[in-house]
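First to last, the sequence lines map onto chains H and R.
Note that our numbering numbers the first sequence so that position 406 is 406, with each residue one more than the last.
Note that our numbering numbers the second sequence so that position 81 is 511, with each residue one more than the last.
The set of hints was computed from the structure by calculation and includes no laboratory data.
Be aware that one or more of the hints could be misleading.
As the list claims (entries may be wrong) - A few chain R residues facing chain H, derived, Cβ under 8 Å:
#1 Ser454
#2 Ser458
#3 Ser492
#4 Gly531
To be verified - Simulated coverage check for chain H against chain R, where a stretch passes if three residues somewhere in it have a Cβ under 8 Å from a Cβ of chain R:
#5 174-180
#6 194-202
#7 208-219
#8 226-233
Beta carbons: idealized from backbone N, C-alpha and C, even for Gly.
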Amino acid sequence: MKVTRREFVRGGVTAFTVSFAAPAFISDLARAQGASRRSLVILYLNGGNDALSTLIPYTDNFYYTRRGVGTAVAASSVIQIGSDSAGNQLGLHPRLTGLKQIWDAGDLAIIQRTGYQNSSRSHFQGTDIWSTANPQNYSGTGWLGRYLDTLPSPVDPLAGWATTREVPRTLMGNRVSVPAIQSPATYAFQGPNSGAELTFSRAAMTGLASHLPADKPHVSFVNGTMQAALNTLDRVGNVATYVAAAAGTQNGPSVAYGNDGLSQALKAVAGAIVRGMGTKVFWVTTGGYDTHAQQNANSANQGYSNLMGVLNNGVTTFYNDLRNQGLLNDTLIVQFSEFGRRISENGSGGTDHGAGGLMMAIGGPVNGQQLFGTAANLQPGHPTLENNSGDVRFETDFRSVYARVLDNWLGVDSVPILNGNFRNPGLTFI
Amino acid sequence: VNGWDLGPTWFTTGGMLARMNFASALASNQRFALRDAARSSAGTPDSLVTFITDRLSLSGLSSGERATLVNYVNAGGAWTGSEAQVLNKAGGLAHLLTGSGEFQFV
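Whole structure, please, built from the sequences with the hints as guidance.
Printed below as a string of C-alpha cells:
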C-alpha cells in the first residue's frame with residue numbers, strides 16, 4: 001500500500017486500518033491444531049551455505065575428485081543418515097552431532113536441491129528473491145510480511161520479531177510493522193536521569209502517548225505507535241529476565257546457551273516463546289557462510305567446520321530448551337540460505353557462489369527423519385547439474401516449502417501470499 | 431512528497447523507541463546547559479514547562495498534555511527550584527518533549 005503525505009495527514013489512523021477479510025482457504029489441519037499458538041522461526045544462514053558440506057554425498061566419487069581436502073568432507077567422518085529416494089547415500093557434517101539426535105528423534109527433515117530457475121549469484125539479489133518469494137520482481141514486500149498483513153486488526157506489535165539490527169525484507173509488509181529487537185536487555189526506555197526520575201519520565205511519556213487528538217490524526221497515529229512501543233517494553237523486559245536468568249533456575253532456560261550470536265538470538269526467541277509473547281514469526285540470522293577461501297571443512301574448529309559447530313550448538317540447545325519446557329510441538333524452525341555454492345573448489349581453498357542449496361525443517365511438528373528430493377549426481381554432464389556442470393541444479397522450488405509452511409503451519413492460504421500456487425503434495429515435511 | 435513505499439510501516443514501535451531514546455541522548459548531553467538556561471524560569475513547575483516548550487517551539491500542546499508535564503515536574507517531592515530539581519526536570523522535560531508524538535512533526 002502506498003500512502004501519500006496528504007492521505008497520511010488527512011486520514012490519519014483510519015487510512016491505515018485496512019479491513020481484514022478472512023482468507024477463503026484455511027487448512028483444516030492447521031485450524032484443528034490451533035494455529036494461534038504456533039510460532040515459526042526462520043533461520044537464515046547468511047552468505048550462501050555450501051550445502052554439499054552440510055549434507056555430504058559421501059559415496060559420490062566426483063565429490064572428492066572435484067574438491068580438495070579443504071572443501072570435501074572426508075567420507076570417514078560424515079554422520080550417516082541413510083539414503084534419499086534415488087538411493088544416494090548421504091551424511092551430515094561431523095560437527096552436526098546434535099542435529100543427528102534431532103534427526104533420530106524424528107524432528108528434522110531436509111529438503112534437498114532447493115532453489116529456483118536461473119539462480120542469482122548476488123547475495124543481495126538472492127536474498128531479496130528468497131525474501132519476496134518472487135524471482136522476477138524482488139523489490140516489494142516479504143512473504144512473511146504479507147502473512148502478517150493477513151492477521152486481524154489490531155495486530156500485536158510483537159506478532160513478528162527480528163533478532164537482527166535491522167528488520168529483514170522477509171518481514172516487511174504493507175500494514176504490519178515488525179520491531180528489530182537484537183537484545184531484549186537493551187530494548188528499554190532511556191532517559192537523562194536514572195532511578196525514580198526515570199520512572200517518572202516513563203510515566204509521563206506514557207501519559208503523553210495517551211493523548212489521541214481527533215483533530216490531529218497524524219499525532220494520534222504516532223502516539224498510538226508510541227503507546228505500542230511503551231507497552232512492548234514491559235513484555236520484552238519479561239523476555240530479558242529469561243535471557244538473564246541462569247540455566248536451570250526456575251525463571252531461566254532449562255539448558256545453558258552458548259555466548260555466540262546465534263545462541264543468544266535463539267535464547268531470546270526461546271524466552272519469548274516460554275513467556276507467551278504470542279509472536280508468530282521470528283527471524284534469526286547467523287553469518288560467515290560466504291566461504292570463498294580457506295573453507296577448512298575438515299578442521300577441528302576453523303572455517304566451515306566452526307560454522308557447523310555454531311549452528312549445531314545453537315539449534316540443539318534451542319531444541320532441547322523448548323522440548324524440556326513442553327513447547328517443541330508449537331515451534332517450527334525453517335532454515336535457508338540465499339544460494340548453494342559451486343561444486344568444484346576454487347583456487348583459494350574455498351567455494352564460490354553457486355545455485356541449488358538445501359533447507360531444513362526442525363521441530364516437534366516436523367515429519368522428520370526424512371530426506372525430501374534427491375541429491376545431485378556430481379559427474380560432469382549429469383542433468384542434475386547446470387551451468388556447464390559447475391552448479392547443482394535446483395529440484396524443489398523454494399516457494400513450495402514456503403507454501404507448505406503457510407498452508408499447514410501458519411494456517412493461511414499460501415496462494416495469494418506467494419502470488420501463485422506452489423503447493424507440492426509430495427513435500428510432506430509438515 | 432510522494433508518500434512512503436512501505437506505507438505506515440515507516441513508523442514502527444522499534445523506530446519510536448529509537449526516537450525516544452535519541453531524544454534522551456540529546457537531553458543527557460545538554461543536561462547542564464539546560465539547567466543553566468532554565469534556572470531563571472524555574473520558579474514554578476508551570477513556568478519551567480513554559481520555558482522548555484517555548485524553547486522547543488512546541489506551542490500546540492493540549493491542556494491535558496501540559497498537565498502531564500506539570501505533574502512530571504511535581505513528581506518526587508514539593509517543588510523548590512533547587513539546582514538538583516532544575517537539573518533533573520529541565521533535562522527530563524526536554525527528553526519528554528523531543529520524544530513526544532507532537533515533536534515528530536515540528
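Evaluation of the provided hints:
no. : hint    : verdict
1   : Ser454  : holds, 4 Å
2   : Ser458  : holds, 4 Å
3   : Ser492  : holds, 6 Å
4   : Gly531  : holds, 4 Å
5   : 174-180 : holds (count 7)
6   : 194-202 : holds (count 4)
7   : 208-219 : holds (count 6)
8   : 226-233 : holds (count 5)
Of the numbered hints given earlier, the model fails none.
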